[in-house]
Amino acid sequence: MNPAAQAQQQDLLKVEPASPAASGAPVTPTTPVLCLCGAAARVGGRTLWSGVDLEVQAGEFVAVLGPNGVGKSTLVKVLLGTVPAAAGDIRVLGRRPGEAGHRVGYLPQRRSFDSDLRIRGIDIVRMGLDGDRWGVPLPWSRSRRAEQARVDEVIELVGASAYAHRPIGQCSGGEQQRLLIAQALVRRPEILLLDEPLDSLDLPNQSAVAALIGRICHQEGVAVVMVAHDVNPILHHLDRVVYIAEGGAVCGPPSEVINSETLTRLYRTPVEVLSTQDGRLVVVGQPEAPAVHTDRHTGREK
Amino acid sequence: MNLYLASAGANAWSQPFFQHALLAGTFIALAAGLVGYFLVLRAQVFTGDALSHVAFTGAMAALAAGYDLRLGLFTACILVALLLAGIGRRGKADDVVIGSAFAWILGLGSFFLTLYTTSASGMNDGGAGVRVLFGSIFGLDAGQTLVAVLVALGVGVAVMFLGRPLLFATLDESVAAARGVPVKALGLAFLVLVGITAGEATQAVGSLLLLGLLAAPAGAAVRLTDRPFRGLALTAGLAVAEMWAGLAAAAWIPRCPPSFSVMAAASLVYAATYLRRPTTRRSRTVTA
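The listed protein sequences derive, respectively, from chains A and D. The opening residue of the first sequence carries number 776 in the working numbering; numbering runs sequentially from there. The opening residue of the second sequence carries number -11 in the working numbering; numbering runs sequentially from there.
What the hints contain is simulated information worked out from the structure, not anything from laboratory work. Careful: at least some of the hints might be erroneous.
Said to hold, decoys possible - Per the computed footprint, the stretches of chain D lying under chain A, defined by three or more beta-carbons under 8 angstroms from a beta-carbon of chain A, are: (1) 155 to 169; (2) 184 to 193; (3) 214 to 222.
Unchecked claim - Computed beta-carbon distance windows for the label pairs: (4) D:Trp232 - A:Leu978: 53 to 59 angstroms; (5) A:Gly819 - D:Ser109: 25 to 31 angstroms; (6) A:Arg871 - D:Ala260: 51 to 57 angstroms.
Ideal Cβ positions, reconstructed from N, Cα and C, are used throughout, including at glycine.
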């Protein structure tokens, strides 16, 4: 990508206050919590993307966008350290990926729990707190009360108190997603990596969960990197966008990335971004759909 | 070594064979309950079913070769549990392949049984096949009881030690892996424990019935509570209680083999959980 443009984008971000950090979370605007420099990923001998530069500050909400199969989830896995980066320097909280432990919360792309799974939501959240500790929880353990309080607190934060004591299999998709976000948050991570958390939710739940993530990000000062299929539900919560396509990537504020000019340059083919009356964005004419017949292909929303 | 020793009636309580059975049965049930709970949660009950075929064949092979029956029992169960782990990881094996393979293994068991009963050492032991298929808990001597108790204790301690990470890996594999839980190693270790438990349960209720001891208490507990560790404790408690009830019934009721009464108790408890109305099935609330 254009180095001048990148510098300009980063300047813009530094001027912009990262968040209204009302809760007094430790926001240090100088050191980024996430830093990718010339990063590349290769899976099965195929380079998915390369030359990705990205810096994420505490309390920033970043979306990873792009067509299917372009390596969006792989980016999250590279940050987690479960997939090695093929090139470049990657720092997560100043360390190598996978070394930051519970300071990174993760919500994988998933289907929902089986409807006959009879385990309470609160127990699923609890696993995020102590699930990796050996042994079984002892009723006379001293830390028990504090752990219970933390679990209740995080469930309250995501607004899941009403159904946390029900078997998770009986919760709706949106309720399960809130409980899983609580699970990812329970150890107070500084970075939250979310892989398509709005997938398979209905529209009201999409906007509700998006608002919840935006609130966690800006009020609690947690940096959020979220892979998304559709940018519209999260558009007005976003600080920045990483758009991956055709092996390259563009980073910047949503308005600077999701426009006809930038995407045309990224795809190296004419792409048009339309804005509807209520501010939703529609990307039309990506290479998968023959570019001329945009009326036939109604434009896959990104 | 008689299945029907129990016809001795109430006097059985003071007999050493009954005390051995009570001691071994208690710990075997404890181990089977703890392992069974995770077996049910992980939807691997089929593994237990497969192992019941293998347990018989392993025991018969050991007898035919002139070794202690338990050597073949444990070796076969652990090896096949590991084999099943390998199949499971590579993807789903064909139903027909699995069905035929295990039927063939059981057939192999009948071959070893014939080999054994027609050999010099097995000439007077025609009941060996029945003993392994349907259990012989009243036939344990002091030494066998001690080994059974120690092995069961080992399994119980191991399950408790793996408890939380195993639950995490069972319910939420990808997050557990991202948190650094050794998901694959845990799955493998758990199957080894299942193999050992199958070998233990075979001594108590027999290879054909071991699935009842593994699955029924856990199935009941899963229906009775939705808290995972309460469920684990409840499973172990139910399994032990059912074992005691079964042994007591076998001691009091003439011509009641213990394997039957233990299985009857386990099945009754499981069936009884269906009488209870499921908890908290409130109408779904819409979150917005």
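Quick rundown of the hints versus the structure:
{"no.": "1", "hint": "155 to 169", "verdict": "holds (count 12)"}
{"no.": "2", "hint": "184 to 193", "verdict": "violated (count 0)"}
{"no.": "3", "hint": "214 to 222", "verdict": "holds (count 5)"}
{"no.": "4", "hint": "D:Trp232 - A:Leu978: 53 to 59 angstroms", "verdict": "holds (56 angstroms)"}
{"no.": "5", "hint": "A:Gly819 - D:Ser109: 25 to 31 angstroms", "verdict": "violated (57 angstroms)"}
{"no.": "6", "hint": "A:Arg871 - D:Ala260: 51 to 57 angstroms", "verdict": "holds (55 angstroms)"}
Violated hints, in rising order: 2, 5; the structure is consistent with all others.
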